[in-house]
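As a plain string of letters, each chain reads:
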Amino acid sequence: MSGVKLDNIVKSYGSTVAVNDVSLDIKEGEFLTLLGPSGCGKTTTLRLISGFIQPTSGAIHFGDKDVTGIAPQHRQIGMVFQDYALFPHLTVSENIGFGLVERRYDKAAIKKRVDELLALIKLEEAADRYPSEISGGQAQRVAVARAVAHPPSVLLMDEPLGALDLKLRETMQTELRRIQQELGITAVYVTHDQSEAMNMSDRIVVMNAGIIEQIGSPKGIYANPQSVFVANFIGQVNILDCHVTTQVDKTTELDYHGQKITAQIEKSLRQGTAIFLAIRPEDIKITARAAGKSQNSLKGVVSEALFSGNVMKISVALDSGDVIKVECQPKANSFDIGDHVHVNWLPEDCNILLN
Amino acid sequence: MQTWVEKVILFVWCGFSYVFLLSPMVVVMGASLHGGEFSAAIKFPPEDPSFQWYSKIPMQQFEALGLSLIVAAVATFLAALIAVPAALGLVRSNFKGKFIVTTIFRAPLQIPAIVSGIAFLQFYYLIYDNSSLMLAGTIPGMLIGHVFIATPFLFGTIVAVLQRFDHRLEEAAHSLGAGKWRTLYRVTIPTIMPGIYSGGLYAFMVSFADVPMSIFLTAPGFVTYPVELFYALENDFDPSILASSSLVIIFCLIMLLGVQKMVGLETLLRSGGGSAR
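Respectively, the protein sequence lines represent chains A and B.
Its first residue numbered 1, the first sequence is counted upward by one per residue in my numbering.
Its first residue numbered 356, the second sequence is counted upward by one per residue in my numbering.
Excised from the complex, chain A in its bound form (with noise of 0.2 Å):
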């Protein structure tokens, strides 16, 4: 088990860079989860970490060990793949066994390691089966095992769960999270499920059109997107167009189609930049008076209203003509179609984003 070490990666295929400039420190034991929409590079990345692919440019460490150029058959990696890939001709014991074999263990130690991780994964019972005869979520469970078997430098998963229905993947979810911290093992995780990402991960790298757009926590990335794409592919977010007009320590003052807003942030911007202001839609309240002086608050019109249980997802037109969408508790929150009303916000819960 060690950390993994991406140094300035390019990948390209002719004139296609599919992974661009590419750096990454994955700490020992880390769950890291690369997220982004499809073609994003994600999977080619995870490729590259695994040795199926080479980088044009770049090295890849695990450890201190540059692995750069290494086939994948000797690189200490636990692969789980999407369709769980497991052998067909073996049972769920011999699959599980497989690299031990190649591993050179002897008979009696694969035994003892098989029958420990049958235990791990709960599946004592279908030792013999056949992958044809164990579900889905039996299968996923018996590849991870498969993967950490020989414990792996790095446990690398291809969207793991998105052959499984919604249920069982929340299920494996927490399965995978508790297999991974049990074993204390550095695992990279691709997904483009950002609750996915969200729930099981120490840390997310975003990434879109080959580059890394963000690295940070759950709770940081979704907190402080660095810019629109982040913020719209984590989460729900709402965008205002604005000018900078004043800024008094992190009081800023913005001017938004000729109202004041005034957001307190970090990041010092000069007068008169444009920015993006982002709000996150459980941010705001709708109430049918403006808020007092302490809030922003801008006046518009229920556009719709949906009701989804929990959750209330109201839209309301401003009369700049933006939406804004508002997710409010259901019980305090009566309002229809065509009601005029206040959304507002507090200054702290402003987002920059420039670009």
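Mixed in with the good hints, there may be bad ones.
As the list claims (entries may be wrong) - DEER-style ranges, computed between Cβ atoms:
# : chain 1 : residue 1 : chain 2 : residue 2 : range
1 : A       : 167       : B       : 362       : 34 to 44 Å
2 : B       : 458       : A       : 14        : 26 to 36 Å
3 : A       : 65        : B       : 457       : 41 to 51 Å
4 : A       : 108       : B       : 488       : 51 to 61 Å
5 : A       : 56        : B       : 615       : 48 to 58 Å
Unchecked claim - Straight-line Cα separation of at most 20 Å, SDA-like style, residue types lysine to any residue; simulated pairs:
# : chain 1 : residue 1 : chain 2 : residue 2
6 : A       : 219       : A       : 30
7 : A       : 107       : B       : 537
8 : B       : 535       : A       : 164
It should be emphasised that the hints constitute simulated quantities derived from the structure, not laboratory data.
By construction, the Cβ of each residue, glycine as well, lies at the ideal position given by its N, Cα and C atoms.
Dock chain B against chain A, hints included.
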């Protein structure tokens, strides 16, 4: 729901298909039980059924049967040695002229066996003229011909299996520390084994039943079973030929059922599994 008209049509059509496919065998096996006096005509249903003609099967037919089984088995094995690597190489590579090479491996199917037979015989004479090595009428000569007609059947099925092969299985093996050859041995070959078995069964049957080509490659005292039957039918037909044929039909049925039970079940169990659940 099926209407009764559909049911009747289905029943009649299936019944017709079965009768069409099975009646020749039923007639042969029935007529072999002919118990009356010698008759040069096939009598069906048999008069006064008995097994008398079974004891009158000439010894050389059993010898020929033995030769045919050996030739078919060895030819199938050799064909597999050619077809498996060829299919692996052709499915996984991409080069100019791949289409042509693939066609060459299937070509023996398109050539009438009688033409192949003549070609082989002429070729063997040519070799003999130049090196005094006689292949016609020998086991190696016969085998070369049979490998030629059997290979496409194995090649075709293995290509079909490989085209559906999930290459992630091989990546999984690599990630678990298995190199190229270990992966071939422990993952690729076992996974395509059902295809090799069923292609091999075809190849065996084609070789075992071949007359048009084998007839050119035999020699006195060195005759395959179907050719022996062909001669017997031509020269002096008697019901012992029917008896001998019946034995082979029964033998083939038992073998088919055996293979079905051994390979068929495993194929069902394993080749579908793993992915796509």
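Decide if the proposed pair is consistent with the structure: residue 535(B) and residue 164(A), CA atoms, cutoff 20 Å inclusive.
-> violated (31 Å)
Given the proposed pairing of residue 219(A) with residue 30(A), does the C-alpha separation stay at or below 20 Å?
-> holds (16 Å)
Does the Cβ pair residue 65(A), residue 457(B) satisfy 41 to 51 Å?
-> Check passed, 43 Å falls within 41 to 51 Å.
Outcome for the supplied range 26 to 36 Å, where the beta carbon pair is residue 458(B) and residue 14(A) = For residue 14(A) against residue 458(B), whose Cβ atoms are near 31 Å apart, the range 26 to 36 Å holds.
Quick one, are residue 107(A) and residue 537(B) close enough, alpha carbons at most 20 Å?
-> holds (18 Å)
Does the hinted range 51 to 61 Å hold for residue 108(A) and residue 488(B) at CB?
-> holds (56 Å)
Lying within 48 to 58 Å: is that true of the beta-carbon distance residue 56(A) to residue 615(B)?
-> The hint (48 to 58 Å, Cβ to Cβ) holds, given that residue 56(A) and residue 615(B) are roughly 52 Å apart.
Cβ-Cβ distance between residue 167(A) and residue 362(B): within 34 to 44 Å?
-> With a Cβ separation near 42 Å, residue 167(A) and residue 362(B) satisfy 34 to 44 Å, so the hint holds.
Checked against the numbered hints given earlier, the structure breaks only hint 8 and satisfies all the rest.
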